[in-house]
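Engineer: Fit chain to chain and form the complex, with the hints in mind.
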Amino acid sequence: MKLLYFAWVRSKTGVAEETVTPPDEVRDVAGLIGWLKGRSAGAADAFADLSVVRVAVNQDYVDLDHPVALGDEIAFFPPVTGG
Amino acid sequence: MIRVQREDFDLGAELRALSEGNHQIGGLTSFVGLVRDIAGGAAVSAMTLEHYPGMTEKQLADIEAEANRRWPLDASLIIHRYGRLEPGDQIVLVACASAHREAAFEACHFLIDWLKTKAPFWKLEDTPDGGKWVDARSSDDAAAARWAKT
Chain A
226 MKLLYFAWVR SKTGVAEETV TPPDEVRDVA GLIGWLKGRS AGAADAFADL
276 SVVRVAVNQD YVDLDHPVAL GDEIAFFPPV TGG
Chain B
12 MIRVQREDFD LGAELRALSE GNHQIGGLTS FVGLVRDIAG GAAVSAMTLE
62 HYPGMTEKQL ADIEAEANRR WPLDASLIIH RYGRLEPGDQ IVLVACASAH
112 REAAFEACHF LIDWLKTKAP FWKLEDTPDG GKWVDARSSD DAAAARWAKT
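Top to bottom, those sequences are chains A and B.
Just so we're aligned, residue 226 is where the first sequence starts under the working numbering, counting upward by one.
Just so we're aligned, residue 12 is where the second sequence starts under the working numbering, counting upward by one.
Note that these hints are calculated values from the structure, not bench results.
Virtual Cβ for every residue (Gly too), placed ideally from N, Cα, C.
Don't take every hint at face value.
Footprint (simulated), chain A over chain B, 3 or more residues, beta carbon under 8 Å [stated by the list, open to error]:
1) 20-32
2) 75-89
3) 136-146
Derived DSS-like pairs: lysine-lysine, alpha-carbon spacing no greater than 27 Å straight-line [stated by the list, open to error]:
4) A:K262 <-> A:K237
5) A:K237 <-> B:K160
6) A:K227 <-> B:K69
7) B:K129 <-> A:K237
8) B:K160 <-> B:K129
9) B:K160 <-> A:K262
10) B:K129 <-> A:K227
11) B:K160 <-> B:K143
12) B:K160 <-> B:K69
13) A:K237 <-> A:K227
14) A:K262 <-> A:K227
15) B:K129 <-> B:K69
Bound-form chain B, shown alone (with noise of 0.2 Å):
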């Protein structure tokens, strides 16, 4: 399931959402994304997510069927959040359950890492000197790649 929006999201209650009813998950995984006070040494006192509404949707379903094709899931959620956010607001959240932990663990690990070089959202950060656009990392198309189908 995918829900791109600008509200907060309850983790407890979507988690319990998430597995309630399926006595078959053994295991249930999640990442939570945090909104940190500080980048590159600057203080960040909020920061306003943009994203490209109906591709954001369209990447996030097709890194979720990819998820379950690999992994033998029995649900998985995203959540994504846009707008104004302030250091410590919840960004992202990552849950996948399965019978057992390592699908569960690896799916959600791979969520997110594709999610952070596919998923067209761009942070802007109130920063002293004014806004300013984040830089994408190189780490985070290393940690993708290490995904990649060989």
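This is chain A alone, in the form it adopts within the complex (with noise of 0.2 Å):
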């Protein structure tokens, strides 16, 4: 799958994005999440207030329980600033 960051969360994990492919047990946002943080300080340091994460699956807003597939792409950012 592949996987964007954006901003602040970008800063963070040091890469603007990667394709990761995670073991089977890895089902959804959360558990995508939680494999993450083992593999790397920067994604920890990034996810460490999950509270100021957006998460968008195939570039629409998702819940952390939302399903997550090899073909996805998957992006971590702030909450949005525009306008």
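Structural biologist: Here it is, written out as structure tokens:
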């Protein structure tokens, strides 16, 4: 699956995008975040407070219990500040 | 119509183009967002707007479609800029045209309120202390929540 990071979430992870293949037990957004936190200190920092992280799967906002699949585009970013 | 662009826009030309040739339109409203030179008491010399290409257009199109479901609009337009902007620069334009003013005013207000909480843009301000990501404001969530259908 393709992961995208924006704004300060990207600053903390240190990468703008990456392609990952998580283990089969990663079935939803919460599981994916847990797995990512274990992979790098940057990700652990970025996902330390999930109340300030928004998630989109295939460009639609989702909650933490939303399922994830290998072909998905999954983005992590702070609450938006446009307009 | 949705446009996400780095370039500035000409407000007069955009509004003229929106209503041109349609004489059913009796009211045309617009909101223009500008870059301010101060934020949270700190001076801002410039800002950089980042966005999520693809999702931005999708979210803006969804928001515009929702406005058209709720109000009888003859035309609508959202232009949002990205990249480096300086105080006084135009950031965003929302414009709505309808036969009567109520629909045009309400749809325009709805669009900017929803855009601020849904469109994936982030502002990085240049301040004397360095670059600072702008925090989302709970008042923006409250403004958008007013339009939630009961």
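Engineer: For every hint, state whether the structure bears it out.
Structural biologist: Hints, one by one, checked against the model:
Counting residues of the region 20-32 of chain B whose CB lies closer than 8 Å to any CB of chain A gives 0, so the stated coverage by that chain is violated, three being the minimum. Closer than 8 Å: that is the beta-carbon criterion, and the region 75-89 of chain B has 0 residues meeting it against chain A, so the requirement of 3 is violated. Counting residues of the region 136-146 of chain B whose beta carbon lies closer than 8 Å to any beta carbon of chain A gives 3, which meets the minimum of three for the stated coverage. Between K262 of chain A and K237 of chain A the CA atoms are separated by roughly 12 Å; this keeps the pair inside 27 Å, and the hint holds.
Taken as a hint, the K237 of chain A and K160 of chain B pair is broken in the structure, with Cα atoms around 37 Å apart against an allowance of 27 Å. For the suggested pair K227 of chain A and K69 of chain B, the alpha carbons sit about 18 Å apart, so the restraint of at most 27 Å is met. Distance restraint check for K129 of chain B and K237 of chain A: the Cα-Cα separation of roughly 23 Å lies within the 27 Å cut-off, and the hinted pair is therefore satisfied. The hinted pair formed by K160 of chain B and K129 of chain B meets the criterion: a straight-line CA distance of about 16 Å does not exceed 27 Å.
For the given pair, K160 of chain B sits about 37 Å from K262 of chain A by alpha-carbon distance, which is inconsistent with the 27 Å threshold. As the CA atoms of K129 of chain B and K227 of chain A are separated by approximately 22 Å, the hinted pair is consistent with the 27 Å bound. Of the pairs offered as hints, the one joining K160 of chain B and K143 of chain B is violated, with about 35 Å between alpha carbons and a cut-off of 27 Å exceeded. Restraint check for K160 of chain B and K69 of chain B: satisfied, since their Cα atoms lie roughly 21 Å apart, inside the 27 Å limit.
Simply put, K237 of chain A and K227 of chain A have alpha-carbon atoms about 18 Å apart, close enough for the 27 Å limit, and the pair holds. A threshold of 27 Å between alpha carbons decides the hint, and for K262 of chain A with K227 of chain A the separation of about 16 Å falls inside it, so the pair holds. For the hint pairing K129 of chain B with K69 of chain B, the CA-to-CA distance comes to about 10 Å; that is within 27 Å, so the pair holds.
Checked against the numbered hints listed earlier, the structure breaks hints 1, 2, 5, 9 and 11; every other hint is satisfied.
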